[in-house]
Amino acid sequence: MNSKSLRVLSVLLAVVLLVAFVPGCATKTDTSDTSGGTTAPKPSIKTAMVTDVGGLGDKSFNDGAYAGLQRAEKELGVEIKVLESKEITDYESNIDQLATAGYSPIFAVGFLMTDTVSKMATAFPDTQFAGVDEFFDPVPANVVGLNFKEEEGSYLAGVVAGLATKDSFDSKLNKDNVIGFVGGMDIPLIQKFEAGYIAGAKAVNPDVKVISLYAGNFTDQAKGKELGYSLIEQKADVIYAAAGQVGLGTIEACKDKGALFIGVDVDQYETVKNSGSVILTSMVKHVDNAVFETVKQAVDGSFPGGSIKIFGLAEDGVGLAPFHDFESKVPQAIKDAVEKARTDIISGAIKVPTTP
Amino acid sequence: MLGSIITPDLFASALRMATPLALAAIGGTICERSGVVNIALEGIMLCGAFAGVAVTLAIGNPWLGIIAAMLAGVAIAAIHAFTSINLRSDQVVSGTAINILALGVTGFLMEIMYGHPGTTEAITTIKPIFRFASESGNSFLGTVWHWINTIFLSHTPIVYLTILIAVVAQWAMYNTRWGLRLRALGEHPRAVDTVGVSVLKGRWVAVLMSGALAGLAGANLTLEQVGSFTENMTNGRGFIALAANIFGRWTPMGSYEASLLFGFADALQIKLQIFRGQINIPSQFFLMLPYVLTVVVLAGVVGRAVGPASVGKPYEKG
Numbered sequence: 000m001n002s003k004s005l006r007v008l009s010v011l012l013a014v015v016l017l018v019a020f021v022p023g024c025a026t027k028t029d030t031s032d033t034s035g036g037t038t039a040p041k042p043s044i045k046t047a048m049v050t051d052v053g054g055l056g057d058k059s060f061n062d063g064a065y066a067g068l069q070r071a072e073k074e075l076g077v078e079i080k081v082l083e084s085k086e087i088t089d090y091e092s093n094i095d096q097l098a099t100a101g102y103s104p105i106f107a108v109g110f111l112m113t114d115t116v117s118k119m120a121t122a123f124p125d126t127q128f129a130g131v132d133e134f135f136d137p138v139p140a141n142v143v144g145l146n147f148k149e150e151e152g153s154y155l156a157g158v159v160a161g162l163a164t165k166d167s168f169d170s171k172l173n174k175d176n177v178i179g180f181v182g183g184m185d186i187p188l189i190q191k192f193e194a195g196y197i198a199g200a201k202a203v204n205p206d207v208k209v210i211s212l213y214a215g216n217f218t219d220q221a222k223g224k225e226l227g228y229s230l231i232e233q234k235a236d237v238i239y240a241a242a243g244q245v246g247l248g249t250i251e252a253c254k255d256k257g258a259l260f261i262g263v264d265v266d267q268y269e270t271v272k273n274s275g276s277v278i279l280t281s282m283v284k285h286v287d288n289a290v291f292e293t294v295k296q297a298v299d300g301s302f303p304g305g306s307i308k309i310f311g312l313a314e315d316g317v318g319l320a321p322f323h324d325f326e327s328k329v330p331q332a333i334k335d336a337v338e339k340a341r342t343d344i345i346s347g348a349i350k351v352p353t354t355p
Numbered sequence: 000m001l002g003s004i005i006t007p008d009l010f011a012s013a014l015r016m017a018t019p020l021a022l023a024a025i026g027g028t029i030c031e032r033s034g035v036v037n038i039a040l041e042g043i044m045l046c047g048a049f050a051g052v053a054v055t056l057a058i059g060n061p062w063l064g065i066i067a068a069m070l071a072g073v074a075i076a077a078i079h080a081f082t083s084i085n086l087r088s089d090q091v092v093s094g095t096a097i098n099i100l101a102l103g104v105t106g107f108l109m110e111i112m113y114g115h116p117g118t119t120e121a122i123t124t125i126k127p128i129f130r131f132a133s134e135s136g137n138s139f140l141g142t143v144w145h146w147i148n149t150i151f152l153s154h155t156p157i158v159y160l161t162i163l164i165a166v167v168a169q170w171a172m173y174n175t176r177w178g179l180r181l182r183a184l185g186e187h188p189r190a191v192d193t194v195g196v197s198v199l200k201g202r203w204v205a206v207l208m209s210g211a212l213a214g215l216a217g218a219n220l221t222l223e224q225v226g227s228f229t230e231n232m233t234n235g236r237g238f239i240a241l242a243a244n245i246f247g248r249w250t251p252m253g254s255y256e257a258s259l260l261f262g263f264a265d266a267l268q269i270k271l272q273i274f275r276g277q278i279n280i281p282s283q284f285f286l287m288l289p290y291v292l293t294v295v296v297l298a299g300v301v302g303r304a305v306g307p308a309s310v311g312k313p314y315e316k317g
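Chains as they are written, first to last, in numbering that gives the first Met the number 0: chain E, 0 to 355; chain U, 0 to 317.
Hint data in this document are derived by calculation from the structure and do not stem from the laboratory.
You may find that some hints are simply not true.
[Said to hold, decoys possible] DSS-like, lysine-lysine: derived pairs with alpha carbons at most 30 Å apart:
hint, chain 1, residue 1, chain 2, residue 2
1, E, Lys272, E, Lys334
2, U, Lys126, E, Lys234
3, U, Lys126, E, Lys256
4, E, Lys174, U, Lys312
5, U, Lys126, E, Lys201
6, E, Lys174, E, Lys339
7, U, Lys270, E, Lys256
8, E, Lys171, U, Lys126
9, E, Lys201, E, Lys234
10, E, Lys165, U, Lys316
[Claimed, not checked] In silico contact screen, one side only, chain U against chain E (beta carbon under 8 Å); selected entries:
hint, residue
11, His115
12, Gln272
13, Ile280
14, Ser282
15, Gln283
16, Leu286
[To be verified] With beta-carbon atoms standing in for the labels, derived distance ranges:
hint, chain 1, residue 1, chain 2, residue 2, range
17, U, Ile58, E, Gly275, 19 to 27 Å
18, E, Ser170, U, Ser138, 24 to 32 Å
19, E, Pro124, U, Ala57, 28 to 36 Å
20, E, Asp324, U, Ser138, 35 to 43 Å
21, U, Phe131, E, Lys208, 25 to 33 Å
22, U, His145, E, Pro205, 29 to 37 Å
23, E, Pro205, U, Phe131, 35 to 43 Å
24, E, Gln331, U, Gln277, 53 to 61 Å
25, E, Ser170, U, Ile4, 40 to 48 Å
Ideal Cβ placement from N, Cα and C applies to all residues, glycine included.
Only chain U is shown next, with the shape it has when bound in the complex (with noise of 0.2 Å):
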């Protein structure tokens, strides 16, 4: 029974269902960074995958897709920047409202574009980088080249793009001046002022940022895992991104390490219902198995996780 749950395509699902999530995650902890909450990474995900199909439906190009996904992602992180950094106003009621708008304008397009809302036509999805073939012999050390296959070797691009994203983010984020102005920007606003940075040009930039890697996690979803794009297909997994960010302290690597965590969570629930039959456990309880998990890592686990001093709090200066 444990040969059927621990399998290399377990830790391969996780990376999978991580990518998507630590993409967000990484956005987040860097919008958060610069003292902006953006609990708007929900939609811009959205976006993002709808732009990807759209684009990719119309030209063909896969690869073009996903840059449409990062400058979707861009354009709803701008409404969110104009709103909450130059508007001043709640940046929760403005993350709330993209969220919304995101959901309705998705679905008000597939109505525009395709004459019909619900799933768009499939496009052809991009494919692992690497395709060795993986014997599955009983020889030793064919098992062990079967299990490094399935894990590391079987993915998509974005998959091991987000792997580098967190390491140059994290490294940015504690080695250039950069890293230092942002996480300045979060705690002491008005000490960068005063030093002559730009708190509005730093912020906008953040969010920027954050809408592109939410964009990409769009397009992670729909160019590589699926196909095709679905009203409301991100189900949340914006809102365990941010969860994912805190579980991670604000640090890219922390954020991925988190949503590695939520993947694998996810993951293991699957293989865990492969046995509900011969357990008799409803799939109810395994399904919410992930959930759990974030109430748990934020409640108990992460306890006083302090966030950047000034976090939520428009910048006026004077």
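If we strip away everything but chain E, and leave its shape as in the complex, we get (with noise of 0.2 Å):
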């Protein structure tokens, strides 16, 4: 290769390697104002997070904890700032990049954040930061946990699915007792879930079979629609899925086939489009209530560092959305079922494992 050939290439790549990086730095800031933290401090804080993989977009807990932050912006006059992770390994320079810019809390979404956290915390010990879905042992001083009882409002999926597959409301329901649990990676997090959809149905359907599969990741629709077909081959007539955008093949597989799905972290009846004839309900997961009220905590100067804060029935982290288009054809038995496992799991009468 002579000498000027590799010359364009080396531009070339340049250009390549740029454009590549622009969406991974995309950012989301409201304010034209972004010198260091060398300035006077400002009377408002400025806060940020990074999202996983899944980036903004994905209709599920990195854009709830962006709704969160919207609203603290809007209420509380806060700054923040908005970091993408294309990649696992964009973790550690995301929050290094916001913790050497000076904002506080950063929120660092995702359980695969967690190492990163503890480490990060360590480097910036003036800096707060809150970890959505992470769990520390022993939490350092500058950070807090939000974790949610995933298990809690996945026993209410497993109470509705136990009684449905019983059931014959829609013509989707089949005789054969059987539903199934899409997963993502077969991780703590997603076995939570799984965990309380199986006590659920079995506690309301003792002889219901329940069949759980995992794609192995949390972005390939493909894989996700193949294991809603093995599911509804296997008779299973209502899938919960607590997998990311692999859900979303699900979804198409149970639309193709005919079986009834539950959605999971958001109601995703409203963000699923033309999908209302099999979305049962969805398993809702409240980050941006719980993003909020960290963020106003820390403007109150009560951030709760070296905490792990925990959101489960009781406090409304987790909880079921409505039935929407089945609002009607759902007997009132399992909405009552609901109802009492919901009160039953608040008082302590039901504890609900979360492992399967």
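Two chains, each in its own frame: build the complex with the hints.
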């Protein structure tokens, strides 16, 4: 290769890399002031979040955390910023960039960022960190872990699925007493969803067969559809997916072969178009509330550093979305059973397991 | 238990999952036979998947989406052709850059066009060609019909088109003047040059064809299988396709058969997971099966597979 073509190529590759990194560093900042932490302290705080690889637009917990920040911006007048992670290797550089620029508290969204947050909390002892879905032991003094009792919400989803599969309020329900679960990665966080779902279903329908399949990632929709097909072939008529975008493929399978779907994290009836005919309900996780409350505490000077906050049914951190199109079809008995399970969990009469 | 693993859907699923792999693998075969390594298949597939959804969302016609996906594939492949054929750069470097570019560009375009990265709105997917009732009665004939219907007659157009492409490409590679020249380009480009046939042009055509095929693979993923685009949704399929190309010994039919094997391994691991609870094996064990198979096949079974002699070497006239 001669030197001229080498030069052309190197310029070309530089442009390619530049373009490739633009979205990786895409920011959502609403003020033009990006000066570092060297200026005089401002009256208001600057808070920021680092997304997981799912990124904004995941119609799930990253969007939920962002909604919490936006609310804080509007109601508390704080400055907000978002850095998206395209790869797992982006976590550290994104957090480092924000901490260096003086953002605090920094929200690290996603279980996979736990170790990075621990490390960066030591490197930046004066910065406050909040880890969504992250559990620390011991908790560094400048870190708060925001965790959810997904198993409690999933228990309610299991109650609905366990009773629905015995019922016949919709033509997609069969008589085989089998329900399905689709997980993203087989990690403790997702196992909480699975465990709660199974416990809820078995509590109201001891003979029900629950089949759990894992995709191995959170992005491969085509795999999610194949998992859905396999569950439906095994006669599953209600499928609950805790698998990020993989679940969108499972919805396609449900629409194609006729099964009911239970969404996750947000009310997927609202976020996934043209799927109301299969989405029975969703297990919602109020990440937005948890993020907003934490920003509010930081503004008030009562940031709960060094602690783990757990949001369950009692704290309204998790719950079930409305039945929407199925509202009139779902028998009152199922709604009553959900309500009873909710009160029993809140009162402590039911202890929901966290591993299947 | 066996009856729940060996089901008609196991084979249908294998065919579905083999399709994007096979299209990209055949593209890779044509490209490498001409002497150009194409590890950009992954990125090209991703761009095709995105272009297919974007055009379908804008115009509402998934068939135009398929054409757009192929054109997007050709456009990205043109970058690879220009750098590796005209500029004679390292083909692996160029391919890697394109894979990174594809990941960034699709996310960037989503941000511009839809205001958010992540996942696009859903389109209505292309439906299977045939929709025969599948009565799973207990009679022998009913069962046979159920199997045939599910395995062979339940698919979307590109699944069938892929089989046709594999057969035609195999025939063309060994029975036409184009095929002879293509093979000669990868083995001994100077010989092609001395008989007055342009090496540059021949390689350009081959690289663009691989782009069209990988783009079509992307269209199969988004327009037929799932109906929306998610960032990085190809999830390594382009690299598995490269392995399928090698396992298939750089022939179109071989690539198709190897893809079928990988698709089958993936379908099988899903069915095996159903019994995870009963035999108490972690799901990760099943999830790794297709990849283990890839390593075993490449390291053990293929052994001395020898690629085209001049693959990866830029041709310099003179």
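Evaluated hints:
{"no.": "1", "hint": "E:Lys272 - E:Lys334", "verdict": "holds, 25 Å"}
{"no.": "2", "hint": "U:Lys126 - E:Lys234", "verdict": "holds, 22 Å"}
{"no.": "3", "hint": "U:Lys126 - E:Lys256", "verdict": "holds, 12 Å"}
{"no.": "4", "hint": "E:Lys174 - U:Lys312", "verdict": "violated, 62 Å"}
{"no.": "5", "hint": "U:Lys126 - E:Lys201", "verdict": "violated, 36 Å"}
{"no.": "6", "hint": "E:Lys174 - E:Lys339", "verdict": "holds, 25 Å"}
{"no.": "7", "hint": "U:Lys270 - E:Lys256", "verdict": "holds, 17 Å"}
{"no.": "8", "hint": "E:Lys171 - U:Lys126", "verdict": "holds, 20 Å"}
{"no.": "9", "hint": "E:Lys201 - E:Lys234", "verdict": "holds, 17 Å"}
{"no.": "10", "hint": "E:Lys165 - U:Lys316", "verdict": "violated, 74 Å"}
{"no.": "11", "hint": "His115", "verdict": "holds, 3 Å"}
{"no.": "12", "hint": "Gln272", "verdict": "holds, 5 Å"}
{"no.": "13", "hint": "Ile280", "verdict": "violated, 11 Å"}
{"no.": "14", "hint": "Ser282", "verdict": "holds, 4 Å"}
{"no.": "15", "hint": "Gln283", "verdict": "holds, 6 Å"}
{"no.": "16", "hint": "Leu286", "verdict": "holds, 4 Å"}
{"no.": "17", "hint": "U:Ile58 - E:Gly275: 19 to 27 Å", "verdict": "holds, 25 Å"}
{"no.": "18", "hint": "E:Ser170 - U:Ser138: 24 to 32 Å", "verdict": "holds, 25 Å"}
{"no.": "19", "hint": "E:Pro124 - U:Ala57: 28 to 36 Å", "verdict": "violated, 51 Å"}
{"no.": "20", "hint": "E:Asp324 - U:Ser138: 35 to 43 Å", "verdict": "holds, 38 Å"}
{"no.": "21", "hint": "U:Phe131 - E:Lys208: 25 to 33 Å", "verdict": "holds, 29 Å"}
{"no.": "22", "hint": "U:His145 - E:Pro205: 29 to 37 Å", "verdict": "holds, 32 Å"}
{"no.": "23", "hint": "E:Pro205 - U:Phe131: 35 to 43 Å", "verdict": "holds, 39 Å"}
{"no.": "24", "hint": "E:Gln331 - U:Gln277: 53 to 61 Å", "verdict": "violated, 36 Å"}
{"no.": "25", "hint": "E:Ser170 - U:Ile4: 40 to 48 Å", "verdict": "violated, 29 Å"}
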